[in-house]
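Here's the letter readout for the chains.
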Amino acid sequence: MRHTLAVRTAPGVAPALKTRSQNLYVITFRQLIRKRTALFGLGLIIVLVLTAILADVMAPYDPIETFVDSLMAPPSAQFPLGTDMLGRDVLSRLIHGTRVSLYVGVFSLVLAIFVGIPLGVVSGFYGGAIDNCIMRVMDIILAFPIFLLAIVIMVILEPNVLNVVIALGIVRIPIYARLVRGSVLATKELQYIEAAQALAVPDPRLLFRHILPNCMAPLIVTSTLSVGTSIIVEASLSFLGLGTQPPTPSWGWDLKSNLLLVEINPWITLFPGLAIFLTVLAFNLFGDGLRDVLDPRLKD
Amino acid sequence: MRQYLLRRLLSLLPTLIGVTLVVFLMMHFIPGDPVTNMMGEMFSQEDADRLRQELGLDKPILVQYGKWLLLLLRGDWGHSMFTHQPVLTDILYRLPVSLELLVLSTIVSLLIAIPAGTIAAVRPNTWKDYSAMVVAMAGVSIPEFFLGVMLFLLFGLVLGWLPVSGYIPILENPWGNLMHMVLPVIALGMPRAALLTRLVRASLLEVLKMEYVTTARAKGLGERFVILKHALKNALIPTVTVIGLQVGFLIGGAIVIETVFAVPGIGSFGIDAIIKRDYPQVQAFVLVGALIFVLANLVVDLLYVVIDPRIQYNAGER
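Those sequence lines, one after another, are chains A and B.
The first sequence runs 0 to 299 under numbering that gives the first Met the number 0.
The second sequence runs 0 to 317 under numbering that gives the first Met the number 0.
Simulated from the structure, these hints should not be mistaken for lab results.
You may find that some hints are simply not true.
[To be verified] Computed footprint of chain A on chain B; a stretch qualifies when at least three of its residues, placed anywhere within it, have a C-beta under 8 Å from a C-beta of chain A:
(1) 11-18
(2) 93-101
(3) 239-248
(4) 266-277
(5) 280-293
[What the hints assert, rightly or not] Derived, one-sided and incomplete: chain A residues facing chain B with beta-carbon distance under 8 Å:
(6) V56
(7) Q77
(8) G81
(9) I231
(10) G240
(11) L254
(12) L260
(13) N264
(14) I275
(15) L284
Every residue gets a Cβ at the ideal spot worked out from N, C-alpha and C, and that includes glycine.
The task is simple: from the sequences and hints, build the whole structure.
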């Protein structure tokens with residue numbers, strides 16, 4: 000019942016991309032900037048990344064500084080988005096929360112890619128017992144709903160940002176392993192690979208120079224879209240108290256802790272939620288645009 | 000067909016072994032020694048050793064796993080560390096609630112997605128298409144719990160139309176049950192509806208380009224008939240696949256949504272157990288969550304064969 004990822008890797012695209020590999024990125028970028036929604040997503044991502052980097056400069060206050068005489072304050076000139084129940088500036092917490100979300104989104108992806116791709120390559124290229132072994136382990140990971148497995152890992156490890164990254168990275172490894180395995184299987188039968196083998200190109204070079212670049216299109220698209228999902232999962236874990244721990248500012252946790260006082264000040268519940276929504280939207284819009292440009296066949 | 004069914008059922012075996020192994024090992028990786036936890040503050044080394052022996056914790060890990068599996072099959076899922084209630088009783092009590100939430104939200108998402116996706120595909124690049132796609136994009140980007148919180152605020156607190164927490168058993172009061180489920184079901188169903196709308200639109204657009212559709216039109220069949228009877232049926236095949244792939248996310252979403260709306264299902268039970276560190280309950284929660292996922296995928300696979308007769312039952316392993 001693996002009719003999904005392997006099918007979607009669209010082997011036909013491979014040679015076309017290969018011959019243009021030098022300017023694939025240039026072409027992609029040119030087509031991308033013609034798509035307004037993708038451009039909007041990209042713009043938003045840039046703003047978010049800058050916010051995360053410059054959080055210390057941009058935030059009006061320290062995100063964990065408490066103003067005891069203005070608890071639960073509504074938005075005002077002093078506190079543009081109000082304060083929470085401990086009297087902390089909501090805007091400053093939102094700005095610093097960008098860091099956690101992006102950090103988790105990006106680094107869990109990096110972990111998944113760095114483990115998943117080699118596994119997929121080895122599995123697809125060598126086949127046989129190694130392939131079987133790796134894929135059965137991947138199957139077990141995939142037999143769990145992503146969120147549930149992340150919860151399991153968070154129960155074993157203690158809840159903090161780094162462990163959320165590890166949990167989200169692990170649950171995504173099989174996705175990349177399968178994706179790459181499918182592409183490798185499709186590519187390795189092509190004639191130019193046979194030609195390279197006839198020229199005695201060593202395996203690693205064959206893999207990284209001739210086979211792997213063909214998987215780039217689906218990889219880039221899947222990765223971009225997965226950042227959004229990871230951010231949602233991190234926020235959900237923190238919302239449940241299993242992710243980022245206070246006082247570190249995290250949108251999910253802030254939403255949860257403010258929920259208790261939602262009747263007094265609904266604003267502070269809405270802002271962290273909106274921040275998550277906009278961030279995920281940015282990655283989805285950009286990922287959608289990338290998909291349309293890089294591989295129309297991946298569209299679903 | 001029978002052969003396919005048999006093979007599909009057999010393929011469950013390794014999955015189930017893998018899942019139970021992970022759940023079993025999870026308890027071993029949890030920091031802290033269970034015996035020390037159970038003995039409390041004061042205990043002698045001998046008492047601890049005796050308890051260890053009684054629990055079988057001195058045996059090799061595979062033996063422990065086998066014993067645990069046997070107990071599971073016999074219905075002994077352990078007891079809560081705090082209430083000392085049998086865990087299986089708690090689980091069975093809460094399971095129908097979670098299943099109701101999962102099934103209702105899937106139905107709601109399909110009821111929204113199929114018409115919306117069809118309208119968008121039939122009138123591509125019109126305002127109807129654009130508005131459906133904008134809403135769908137927003138829908139796939141919104142975390143369930145945030146949507147849940149907003150529904151909670153709007154319909155529960157501001158308008159006061161619907162109850163925002165708790166649950167009434169369906170047999171006790173079907174109407175009350177439904178009213179309590181409306182908000183959780185919408186919060187869980189909407190993101191799925193959004194995703195499926197995009198999918199139905201895309202696959203219907205693809206199918207409408209096919210030659211058999213042209214043939215149907217050329218025969219003079221009405222457009223409505225062509226779309227509803229000929230095109231939509233094929234366009235829905237990928238939808239079934241994606242519903243299967245989404246079951247995992249659906250279960251994850253249900254865990255969060257049950258917590259938001261205090262729905263007494265498996266999800267809120269599990270999160271409670273984790274916070275209390277009631278490990279037998281945590282174990283049961285993870286096991287049931289994974290089992291629902293595995294079984295849902297089985298159902299989807301079988302459904303897939305039913306709706307698409309082109310799938311060959313005997314077509315090799317992969």
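Check, residue by residue, whether the region 93-101 of chain B contains three or more positions whose beta-carbon lies closer than 8 Å to a beta-carbon of chain A, and give the verdict. Our answer is that it is violated, as 0 residues pass the Cβ test (under 8 Å) against chain A, missing three.
Verify the coverage statement for the region 239-248 of chain B against chain A, using a C-beta to C-beta distance below 8 Å and requiring 3 or more qualifying residues. It holds, with 6 qualifying residues against the three required.
Establish whether the coverage given for the region 280-293 of chain B by chain A is satisfied; the threshold is a Cβ-Cβ distance below 8 Å, and no fewer than three residues must meet it. holds (count 6)
Return the status of the interface hint for I231 (chain A): holds when the least beta-carbon distance to chain B is below 8 Å, violated otherwise. For I231 (chain A), the interface hint holds, since the closest Cβ of chain B sits about 5 Å away, which is under 8 Å.
Hint check: 8 Å Cβ-Cβ cutoff, Q77 (chain A) to chain B: violated, 25 Å
Evaluation of the interface hint that places L254 (chain A) against chain B, nearest CB under 8 Å: holds, 7 Å
With 8 Å as the cut and Cβ atoms as the points, is G240 (chain A) at the interface with chain B? With a minimum Cβ separation of about 7 Å from chain B (threshold 8 Å), the hint on G240 (chain A) holds.
Test coverage of the region 266-277 of chain B by chain A using CB-CB distances below 8 Å; three residues minimum. holds (count 4)
Hint status (Cβ of L260 (chain A) to nearest Cβ of chain B, threshold 8 Å): Cβ of L260 (chain A) sits 12 Å from chain B, so the hint is violated.
Would you check whether V56 (chain A) satisfies its interface hint, that is, whether its CB is within less than 8 Å of any CB in chain B? violated, 28 Å
Proposed interface contact between L284 (chain A) and chain B, which counts if any beta carbon pair is under 8 Å: holds, 7 Å
Just to make sure I understand the rule, a stretch counts as covered if three or more of its residues have a C-beta closer than 8 Å to a C-beta of the chain. Does the region 11-18 of chain B meet that for chain A? n = 4 at 8 Å, threshold three: holds.
Hint compliance for this structure: hints 2, 6, 7, 8, 12 and 13 are broken, all remaining hints hold.
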